[in-house]
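Produce the complete structure using the sequences and hints provided.
For the record, the sequence lines run as chains X, B, S and C. Counting along the first sequence from 1, when you hit position 31 you're at 97 in my numbering, and nothing is skipped either side. Counting along the second sequence from 1, when you hit position 16 you're at 17 in my numbering, and nothing is skipped either side. Counting along the third sequence from 1, when you hit position 148 you're at 155 in my numbering, and nothing is skipped either side. Counting along the fourth sequence from 1, when you hit position 106 you're at 121 in my numbering, and nothing is skipped either side.
By construction, these hints were calculated from the structure, which means they are not laboratory data. A few of these clues could be false.
[As the list claims (entries may be wrong)] The calculated lysine-lysine pairs, modelled on DSSO-like cross-linking and capped at a C-alpha distance of 27 Å, are:
#	chain 1	residue 1	chain 2	residue 2
1	S	K257	S	K196
2	X	K109	B	K153
3	X	K116	B	K175
4	S	K49	S	K112
5	B	K88	S	K257
6	X	K104	B	K88
7	B	K153	S	K257
8	B	K153	X	K116
9	X	K118	B	K117
10	B	K88	B	K175
11	B	K153	X	K104
12	B	K88	X	K109
13	B	K88	S	K49
14	B	K153	S	K196
15	S	K112	S	K257
16	B	K153	S	K197
17	X	K116	X	K132
18	S	K257	S	K49
19	S	K196	S	K112
20	S	K197	S	K257
21	X	K132	C	K200
22	C	K62	C	K199
23	B	K175	X	K118
24	C	K199	X	K132
25	C	K162	C	K197
26	X	K123	X	K104
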Amino acid sequence: MQFNSFSEFINMGGYGFYVWLSFGVSALLLVILLISSKADHQKIINNIAKQKQREDKLRQARELRKQQASSAQDEAEQATS
Amino acid sequence: MWKWLHPYANPEVSYHFTGRLLPWFSALAAILLSIGLVWALLFAPADYQQGDSFRIFYIHVPAASLSMGIYFGMAIAALCSLVWQLKLADASAAAMAPVGAVFTAIALLTGSAWGKPMWGTWWIWDARLTSELILLFLYLGVIALHSAFEDKNLAGKAAGILTLVGSINLPIIKYSVEWWNTLHQGSTVSKLGKPSMSLDMLWPFLFCFLGFAMLVAVIVCYRFRNEILARNSIRPWVRELVSARATHK
Amino acid sequence: MTIKSELTEQAETSLESSEKITMTHSQMKSLSYRDAFFLVLKRDITIALRHRDDIINPLLFFIIVVTLFPLGIGPEANTLSQIAPGIIWVAALLATLLSLDRLFKSDYNDGSLEQMLLSPHPIFLLVLAKVVAHWLITGLPLIFIAPLLAVLLHLNEQSYGALILTLLLGTPVLSLLGAVGVALTVGIKKGGVLLSLLVLPLYIPVLIFATSAIDTASIGLPYSGQLAIIAALFFGSLTLAPFAVGAALKVSTN
Amino acid sequence: MLFDDLNVEINAGDIVQVEGPNGSGKTSLLRILAGLSQPYEGNVLFKQTAISQCREEYHENLLYFGHLPGVKGEMSAEENLSFNLALHGLDTSETHDDLAHVNLLGFEDSLASHLSAGQHRRIALARLYQSQAPIWILDEPFTAIDKQGVASLEQRFTEHAEQGGCVILTTHQDLLAISSDKVKKITLDYAFE
Chain X
67 MQFNSFSEFI
77 NMGGYGFYVW
87 LSFGVSALLL
97 VILLISSKAD
107 HQKIINNIAK
117 QKQREDKLRQ
127 ARELRKQQAS
137 SAQDEAEQAT
147 S
Chain B
2 MWKWLHPYAN
12 PEVSYHFTGR
22 LLPWFSALAA
32 ILLSIGLVWA
42 LLFAPADYQQ
52 GDSFRIFYIH
62 VPAASLSMGI
72 YFGMAIAALC
82 SLVWQLKLAD
92 ASAAAMAPVG
102 AVFTAIALLT
112 GSAWGKPMWG
122 TWWIWDARLT
132 SELILLFLYL
142 GVIALHSAFE
152 DKNLAGKAAG
162 ILTLVGSINL
172 PIIKYSVEWW
182 NTLHQGSTVS
192 KLGKPSMSLD
202 MLWPFLFCFL
212 GFAMLVAVIV
222 CYRFRNEILA
232 RNSIRPWVRE
242 LVSARATHK
Chain S
8 MTIKSELTEQ
18 AETSLESSEK
28 ITMTHSQMKS
38 LSYRDAFFLV
48 LKRDITIALR
58 HRDDIINPLL
68 FFIIVVTLFP
78 LGIGPEANTL
88 SQIAPGIIWV
98 AALLATLLSL
108 DRLFKSDYND
118 GSLEQMLLSP
128 HPIFLLVLAK
138 VVAHWLITGL
148 PLIFIAPLLA
158 VLLHLNEQSY
168 GALILTLLLG
178 TPVLSLLGAV
188 GVALTVGIKK
198 GGVLLSLLVL
208 PLYIPVLIFA
218 TSAIDTASIG
228 LPYSGQLAII
238 AALFFGSLTL
248 APFAVGAALK
258 VSTN
Chain C
16 MLFDDLNVEI
26 NAGDIVQVEG
36 PNGSGKTSLL
46 RILAGLSQPY
56 EGNVLFKQTA
66 ISQCREEYHE
76 NLLYFGHLPG
86 VKGEMSAEEN
96 LSFNLALHGL
106 DTSETHDDLA
116 HVNLLGFEDS
126 LASHLSAGQH
136 RRIALARLYQ
146 SQAPIWILDE
156 PFTAIDKQGV
166 ASLEQRFTEH
176 AEQGGCVILT
186 THQDLLAISS
196 DKVKKITLDY
206 AFE
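Here is the structure:
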């Protein structure tokens, strides 16, 4: 142990400000990076889920269109007969 | 010869593989970093010239060498993706860029905070700090180019070309800056010297270095997995994973 | 024939041509590399000469930037002559950067870039022709005007030779490296600012060695060492940059 | 993702019309066929070789006409055409006749910047009358072209196919002058499954 008391440890032989500034800023940056990298995971998953929903809707709309088209055709055929 | 690599070139396999690696990396990073940092802050001796400000060294030097190392890694990934069309290599390069930029920024900030008590000024056009600054610009260029493209596959290719051009240029820049520095250096400025390290300084340094390297591995793994998901959003395996994990439907 | 579309984009298509076509094709004359190079070079220069703003504006920019420095720093001859090499070179970097946009942008916007990429010539050759044209249009005029600006900045008389030689060897490097940056950003809507972020860091070695050559010349020492390094940068970028530009253009037009 | 499981073989003498609503990937398909874009998966083969492996040979055999005509405003109609022809190694001595085919006589020396969008497209299309490339890939060639021009182009396509070339095109119009049994159709539709 290089320091005799806690205040001496904080003081760092007069260089406390610079030492703690360096350690503090580095820790802050790394924690932000780590957390944002982890949080992106859920964000991406939610985005993909949304995209999936959108595609489901489009597919339904197309099915509906097809059904309408075929029923209209049936009616037309009935009318001619 | 490369056949054993093939399963890892499959996005699904590498997604799950890195997922299994993550806890190990995280544990290693936590252990190494806590030992290294406690040792560096509490037990390592103060430098006889620089006093306790020397303790910044234990972050500054690992961050600086990792920032160069990550760029080297990106260049290799970019080369693989351009030569063998490996999409995963693209994803890994994209995952590395922001991590490298943050480590470069840390190296710069700690270098500056170390320089203030040593040189009496926050910034000095020291060769190492200057090339670190230029490295930061290179990183920011790669990241900006990445975000400028909407299509992530194209973004990866474009950023890969830029990374390769930058990696050819980087040694030239480093050399030119060092040369420029010795040319213009006044006699009053002393560089951040590498003191001959005693063993009780070397050990905590090694722990810190390896700890930070593991931390890089952890963050890169997280980002790599994100990139894989985003690039394979239409694959059935991603779709299954999404329907299991999405928070709101 | 209806194609059912599914999850992934997959095109498996073959184009076959009969022997008859192959025969008509063999009668076609093929352009030699030299012809193709000069064809593109001539076209780009013709266009630039008909659109003179593109030549004159970067030049005016160069002159104005250089004249701003004495106004900002003060007219003291000693100070000016000390910083003259740096000012002239930084202004040259910026002027080149400003003119880079036209290298591929208008061709990209009107589709002629696409047509060039689809021509049966190696892409690096066409790229090289375009870069040479760009240098002739923007780099060469800078070299002619630089000595005049050096007079305004009281550049040491012994340095003029070094100034011209470094510009002669250095500006092509700027055009070549810049071309990589433009090729990467040509498809991006607001690529201008991004371009400077990508390209300027790559220009640093040229700046360092060129200004140092001029400084060395001003105290009467030989500067062939710096010149040799700039020459090495020139040949290095001449051989490598066109391939990088070709690859980047393929990405940008995708 | 736009399309999948597309397996087409296009042979000499074929006229292929790619159909589909806006945004269904017609242009993407043509760009992939021309080698301008890379498909996410899959290959385009030319004489059994992937086109990325034989780029220069393939492009010697290809004429592509995209949304953008590739005409420079600073050059005259004739200069534009001869540059385009020369770049592809074609004869530049008959540019007058070619421009006549697309109804641009009298405009040879006008700077293209003074001409209309439709005229720009005509300048680009004039290349069709000199081209010896067997494969033509044309994205909306009839846009901004008048009726007479369309008829003349269709006639040119038929000639080309009869000489053993192939034409792949997208258009929203029906091909009138070409009998429908000669035209192969590829229909694209939105789909995600």
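Hints versus structure:
Among the hinted pairs, K257 of chain S with K196 of chain S is consistent with the structure: their alpha-carbon atoms are about 17 Å apart, no more than 27 Å. Only pairs whose Cα atoms come within 27 Å are accepted, and K109 of chain X paired with K153 of chain B is accepted, the gap being roughly 16 Å. The hinted pair formed by K116 of chain X and K175 of chain B fails the criterion: a straight-line CA distance of about 47 Å is larger than 27 Å. For the suggested pair K49 of chain S and K112 of chain S, the alpha carbons sit about 18 Å apart, so the restraint of at most 27 Å is met.
Pair hint K88 of chain B plus K257 of chain S holds up; C-alpha atoms about 17 Å apart against a cutoff of 27 Å. Using a Cα cut-off of 27 Å, the hinted pair K104 of chain X and K88 of chain B holds, with the two alpha carbons roughly 22 Å apart. Taking the CA atoms of K153 of chain B and K257 of chain S, the gap is about 15 Å. The hint holds against a cut of 27 Å. Pair hint K153 of chain B plus K116 of chain X holds up; C-alpha atoms about 18 Å apart against a cutoff of 27 Å.
Distance hint between K118 of chain X and K117 of chain B is unfulfilled; the C-alpha atoms sit about 54 Å from each other, more than 27 Å. At roughly 30 Å between alpha-carbon atoms, K88 of chain B and K175 of chain B are farther apart than 27 Å, so this suggested pair is violated. Using a Cα cut-off of 27 Å, the hinted pair K153 of chain B and K104 of chain X holds, with the two alpha carbons roughly 19 Å apart. Taken as a hint, the K88 of chain B and K109 of chain X pair is honoured in the structure, with Cα atoms around 22 Å apart against an allowance of 27 Å.
Among the hinted pairs, K88 of chain B with K49 of chain S is inconsistent with the structure: their alpha-carbon atoms are about 40 Å apart, more than 27 Å. Proximity of K153 of chain B to K196 of chain S is assessed by CA-CA distance (about 16 Å); at most 27 Å being required, the pair is judged to hold. A hinted pair counts as satisfied when its Cα atoms are at most 27 Å apart, and K112 of chain S with K257 of chain S qualifies at roughly 14 Å. Proximity of K153 of chain B to K197 of chain S is assessed by CA-CA distance (about 18 Å); at most 27 Å being required, the pair is judged to hold.
Of the supplied pair hints, the one linking K116 of chain X and K132 of chain X holds, its CA atoms being roughly 25 Å apart against a limit of 27 Å. For the hint linking K257 of chain S to K49 of chain S, the alpha-carbon distance of about 23 Å falls within 27 Å, and the restraint holds. With a CA separation close to 10 Å, the supplied pair K196 of chain S and K112 of chain S stays within the 27 Å bound. Taking the CA atoms of K197 of chain S and K257 of chain S, the gap is about 19 Å. The hint holds against a cut of 27 Å.
For the suggested pair K132 of chain X and K200 of chain C, the alpha carbons sit about 21 Å apart, so the restraint of at most 27 Å is met. Distance restraint check for K62 of chain C and K199 of chain C: the Cα-Cα separation of roughly 20 Å lies within the 27 Å cut-off, and the hinted pair is therefore satisfied. For the hint pairing K175 of chain B with K118 of chain X, the CA-to-CA distance comes to about 48 Å; that exceeds 27 Å, so the pair is violated. Distance restraint check for K199 of chain C and K132 of chain X: the Cα-Cα separation of roughly 24 Å lies within the 27 Å cut-off, and the hinted pair is therefore satisfied.
A C-alpha spacing of about 21 Å is found between K162 of chain C and K197 of chain C, which places the hinted pair at or below 27 Å, so the restraint holds. Under the criterion of a C-alpha separation no larger than 27 Å, the hint pairing K123 of chain X with K104 of chain X is inconsistent with the structure, at around 30 Å.
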